[in-house]
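Please build the complex by placing chain S on the supplied structure of chain U, with the hints as guidance.
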Amino acid sequence: MAKKALEEIKVLEFGQFISSSYCCKLMGDLGADVIKIEVPPDGDSARRYGPFPQDIPHPEKSGLFLYLNINKRGITLNPQVPEGARIFRQLVKQADILVENWPAGSMVTWGLDYAHLTEINPRLIMASITPFGQSGPYADLKAHSLNVCHSAGVAKGIGSLGREPLTPPGSQSHFFGALNAAAATMVAFWEREKSGEGQYLDISEADCWAMLFNGVWYSRYLYGHEEVSRMGHRTNLPVYPWAVLRCKDGFISATAPEEAQWQRLVELMGNPEWAKDPRFENRVKRSQHADELDERIESWFASRGKAEIFAACQERNVPFSPIQDIREVVECPHLEERRYFVQIEHPEAGEITCPGPPYKLSETPWELRRRAPLLGEHNEEVYRGLLGYSPKDLAGWREEGII
Amino acid sequence: MNMGNPEKEMRKGKKGMPLEGLRVLDFGWVWAGPVVGQLLADMGAEVIKVESRKRLDFIRIFPPFAEGKPDPDGALFFHSLNRNKLSITLDLTQPKAAELVKRVVEICDVVIENFSPKALRNLGLDYPALSQVKPDLIMVSLSAAGQTGPWRDIMTYGPSLGALAGLDSLIGYPKERVLGWPMAYTDPASGLLAIFGIMAALYHRRRTGKGQYIDLAQWEATTALLPEFILDYTMNGRVAGTQGNRHRHMAPHGCFRCQGEDAWISIAIETEEEWKDFCKVLGNPPWCEEERFASRESRLHHQEELNRRIEEWTSSCTPQEAMKLLQGASIAAFPSNGIGDILKDSHFEERGAKVAVDHPKMKGEVLYGLPWKFSRTPGSIRRPAPLLGEHNRYVFCQLLGMSEEEVKSLEEEKVLY
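Those sequence lines, one after another, are chains U and S. All residue numbers for the first sequence refer to the numbering used here, where the first residue is 1 and numbers rise by one. All residue numbers for the second sequence refer to the numbering used here, where the first residue is 1001 and numbers rise by one.
Rather than coming from a laboratory, the hints here were simulated on the basis of the structure. Since we're looking at a predicted model, the values are computed, not measured. Every residue, glycine too, gets a C-beta built ideally from N, C-alpha and C.
Which stretches of chain S does chain U cover? Using the computed rule of at least three CB atoms under 8 Å from a CB of chain U, they are: (1) 1035-1047; (2) 1214-1228.
Sample of chain S residues facing chain U (criterion: CB under 10 Å; computed from the structure): (3) H1079; (4) S1169; (5) S1190; (6) A1194; (7) G1352.
Chain U extracted, bound-state conformation (with noise of 0.2 Å):
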């Protein structure tokens, strides 16, 4: 086995659906020793989720599920009544660090909140996921991932003018919000190391998307006076080439800011006469005049394909890509190559194909070491192993609801 970039750290995991569990799962990956817990009886949302297998839905074969808790230990356990707090408690103490993504104020209505676990275990290191955080006037709002992004300005970028704006697909800001959660997470570790103390940390989808994604282009708005708007298959920047083009068999990435890149898409198209009036002498004149000029570059790539556009393009130096569907992404050779997807075997859901590792470490490399777990599969390891209970303290938790 490799070695271990976070061997020994050891996390809890306590939460639904994705951003929790790309978070922890991110730790895992590296070696981390990951406690994820459900609440019983039906578990995580995300084994509700999909995609099923020949689309039958079972809580053991969601995709969503199988993929976001690779390299997790799972046990069952509810924190919401007496016992189970107890227990969780007593979890808490061994843990390092604490990942949860309920609603905000849940964790105080059970007792759990950073306040009184920090009495338990000084060091510990507690993430909270929300979608506006945990204070401020939007704190108790509903949302779901759409709404966060709409929220935060990311959708009024996306889309047509006239027509509504529209989501990145995906739930990504559960996406984003791990992403942001697992860095954070780790930076205050490593402060832990230094100073011995835990400490808390609140991580709202919504800021994230607004400052770490829409924060540069705040001075645009406030000294540019251009707000952000839906251009449709382009961008509302004044650069052309920045498109999405149709070609033979599908879409055409088409950006290219710099002057030189132009010149050498122009001689890749034949130095065309068109090419020569002074509208399109440089990227702004150009994108006063992009719907001409998306029909000019279109009426080339017509003929040809992505394939030939893509290598024809970039042996010359212009930064054009191909529009990859699923199937492309998935059968791509560099990936192949790179082996960037891998095969887990699972009892259930038998072989599943899904993304690998998304870097590559030299020391301490991304290492596939257990599949996702099936619901409460660690129960017995954990419960009895780790904290020291008894089967008959298993089987009274059991006949209760609690685990």
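Using the frame of chain U, we list chain S on its own:
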């Protein structure tokens, strides 16, 4: 919550910046690399940005500018991503400059870069070369497609990476052409993963004394965020198309026109209870009773008609009115904001989205704040973005002990340039 003022209440014990004492060399340019250095600097690391007049960071020449006219020190986009950093200027094509980089690396813990894979290799400044002068160095390269594989040398921008990653193919109105996402989500998403990787590598270094190299392909980091679509293909052979605002299980789940200019409300309904409450807010119009909207499955199947009906209602109110009514019934609803809305919003204000910073080119410039709320050791914005080469003397004289004369002559030779 017992949180009249949670930050005040919980901020006890040892203070200071979490990453104090960490030194980072930042070759980053445009967004993906610089955002890594920016977040590390916000949290207390000393981040030294390497740049050159010979080839300016693209965002030093990108409008808007502080005084209205192009000026590499007045580029506002640059200011936001490079606050808290120091700047040294080195023309890396000169052998002397490459030697100086190595001397700086010797006193750094981490190196960040997001050039194409051949760039630093050709300059003799890739990981094998730098780890010779600093054996426990941690270095991360955020390239488009990674350091290996047949497409490793491709040239891309953020949007073209979303294209390769499969992300763009999903963006557009349902059953219509691909529109793509003209913003570069790949940049901050990859940057965050890089920070996670760096911190994990630092932890490993503390235990073992060993550094390492992180090959981060922004394309791969982004494809990792699309599991439901990837698995629907690998499990069922289904190739997802443009998604619009749709969701696999929720209906209604969309964005609806309201009164006002470009005014919209997003609404997402998960449970049957919520659906009933939603109908009630609308005044239980007869169409709510129709069989085709009676169950979630059926609503998913008849989304277009459903959305048209909902829009008839939302068109009669402003987004704020609709939000108030719906949130009052515990329904997830939120207006679709622009940047201006965020900047005027009291919630984002309270969460610290805006921070005013004095820059030599602009007093009280508004930058975005720190997205993470740490209870005990929050980060901070301590200095504005650096002027080009502002810290040449600090780094080369104070940190490396070179003399003023040496630095002057390197400037004259345009090594420091």
